[in-house]
Amino acid sequence: MPIDLRTRLSHYLPRLYGYAVSLTRNEDAARELVQETALRALNARSIPEEEPALRAWLFTIVRHAAIDAHRRSKLPAVPEPDLGELTTLLWEFDERYIATVTVREGLEKLPVEARDVLALVDIAGFSYAETAELLDIPVGTVMSRLSRARQALLTVISRSAIRPLRLRRGSGS
Amino acid sequence: MTLDEKRWQQVNAYVDGELDPAAAADVAAGVARDRTLADAVAAVTRLKAVTTGMIERPPLVLDPLRRPWRRAALAASVVMGIGLAAALVLHGGPSDPAGSLTRAMERHVGWAALESSEPGLELLGVTLAGLAQLGFAAEIPDLSDAGLVLAQVSVVDTDKGAAGFQVRYLGTRGCRVSLLVERATGEEAARRLDVGSVRAASWVVRGLRYTLLASGMYDQRFAAITATAEAASRRDRPSVDQLRQALRDQREQSPPCLG
Chain Z
1 MPIDLRTRLS HYLPRLYGYA VSLTRNEDAA RELVQETALR ALNARSIPEE EPALRAWLFT
61 IVRHAAIDAH RRSKLPAVPE PDLGELTTLL WEFDERYIAT VTVREGLEKL PVEARDVLAL
121 VDIAGFSYAE TAELLDIPVG TVMSRLSRAR QALLTVISRS AIRPLRLRRG SGS
Chain L
1 MTLDEKRWQQ VNAYVDGELD PAAAADVAAG VARDRTLADA VAAVTRLKAV TTGMIERPPL
61 VLDPLRRPWR RAALAASVVM GIGLAAALVL HGGPSDPAGS LTRAMERHVG WAALESSEPG
121 LELLGVTLAG LAQLGFAAEI PDLSDAGLVL AQVSVVDTDK GAAGFQVRYL GTRGCRVSLL
181 VERATGEEAA RRLDVGSVRA ASWVVRGLRY TLLASGMYDQ RFAAITATAE AASRRDRPSV
241 DQLRQALRDQ REQSPPCLG
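Residue numbers (this note's numbering), protein chains in the order written: chain Z, 1 to 173; chain L, 1 to 259.
Calculated from the structure, these hints are not laboratory results. Keep in mind that this is a model prediction, so the values were computed, not measured. Glycine residues also receive a C-beta, built at the ideal position from the N, C-alpha and C atoms. Among the clues, some could well be false.
Said to hold, decoys possible - If you want the footprint, here are the derived chain Z segments under chain L, 3+ residues with CB under 8 Å: (1) 44-57; (2) 101-110.
Unchecked claim - In silico DSSO-like pairs for lysine-lysine, Cα to Cα no more than 27 Å straight-line: (3) L:Lys-48 / L:Lys-6; (4) L:Lys-48 / Z:Lys-109; (5) L:Lys-6 / Z:Lys-109.
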């Protein structure tokens with residue numbers, strides 16, 4: 001049974017780690033969170049038998065641990081970015097700007113609530129219904145929270161996309 | 001052209017496969033006749049693909065892409081001076097520490113001395129593709145709070161022919177900052193080197209050596225930028241956030257970059 005549980009756990013580790021990175025924005029802290037979660041699962045008297053329940057259980061442990069760690073750190077919350085209007089300007093810029101480098105940079109500028117729902121759907125792979133259950137909110141709220149998070153992410157990317165500049169030397173502000 | 005909030009939510013749910021068949025068919029039909037809707041679906045699809053795939057990146061595998069560095073003749077005399085001076089003023093490193101720092105200085109000075117566009121300036125798309133191929137395990141810090149804008153990222157030959165990144169930032173008051181990222185051969189102590197008006201700092205994180213350079217920059221401002229870049233290289237986002245104010249303060253308190 002322990003070997004079986006390890007196998008089951010190993011299947012989730014990459015996405016648990018990705019989720020933890022999204023919440024903490026710190027890869028070392030994320031590794032610790034996943035390690036802590038894995039140890040807790042391996043030492044638990046009973047764990048969910050069904051895979052969907054096990055997955056939700058594991059991600060809930062990581063989520064609660066990340067929230068606790070954030071509270072202990074007393075770091076200021078990332079402010080809500082201004083949402084760009086839902087105009088073509090938001091998605092008409094060169095699609096190459098939506099790349100790993102810009103998305104990672106953009107994610108870091110989103111508040112934790114936005115990163116949370118994005119990570120649960122896109123990184124952890126939960127459905128809207130599963131995400132709603134995990135966050136204890138209605139499905140409609142997941143839908144609106146997620147669409148606003150992606151709107152914010154596109155806004156950040158469109159405003160700060162890395163662009164090649166002509167190199168110029170001179171005075172300025 | 002705009003989308004209302006409800007349509008935007010539908011676009012997201014469509015991409016996530018969360019719409020019922022009738023609603024999904026409605027969006028699909030809209031995509032066929034509405035360019036705005038089609039572009040929005042394409043953007044969300046790409047965003048989701050990148051977000052989904054970004055965490056499970058392979059470890060750093062250096063790309064065979066190599067590009068010869070076009071050294072500016074204008075900077076040749078300065079570079080020679082750096083080579084001589086480095087041997088005298090270097091401190092805090094192992095027995096042969098001058099090599100990587102002075103080579104990085106050569107690159108930096110060569111670039112910073114350019115008055116206008118550089119013939120070798122690479123297109124962003126090419127650069128991003130190269131970074132993606134490299135797994136992007138290296139961290140490129142956001143220095144916008146220091147008034148520095150990312151101007152160029154290129155793949156360059158580094159020590160012993162291995163590929164690395166050269167990242168260049170431009171300030172609005174004459175500041176030029178370079179960050180060279182290359183593979184380190186082992187553990188190294190953090191190093192600082194000042195030669196004339198050029199400041200350099202290097203450190204190693206997770207097998208990569210980061211070398212930050214600036215010309216004519218006020219020392220405390222350079223220290224704040226170095227601390228930020230170092231925290232970013234450790235992927236320590238909370239520390240990076242805490243340093244943002246220091247970057248802004250130092251920029252306000254520092255004179256323009258000279259030299």
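Consistency of the hints with the structure:
For a cut-off of 8 Å, the count of residues in the region 44-57 of chain Z with a CB near a CB of chain L stands at 0, and the three-residue condition is violated. A count of 6 residues in the region 101-110 of chain Z with a Cβ less than 8 Å from any Cβ of chain L is obtained; the coverage claim is therefore met, three being the minimum. With a C-alpha separation of about 19 Å, the suggested pairing of Lys-48 (chain L) with Lys-6 (chain L) holds against the 27 Å cut-off. Between the alpha carbons of Lys-48 (chain L) and Lys-109 (chain Z) the distance comes to roughly 17 Å, so the proposed pair stays at or under 27 Å and holds.
Between Lys-6 (chain L) and Lys-109 (chain Z), the direct Cα distance comes to roughly 25 Å. Compliance with the 27 Å bound is thereby established for this hinted pair.
When each numbered hint is compared with the structure, a violation occurs for hint 1 only.
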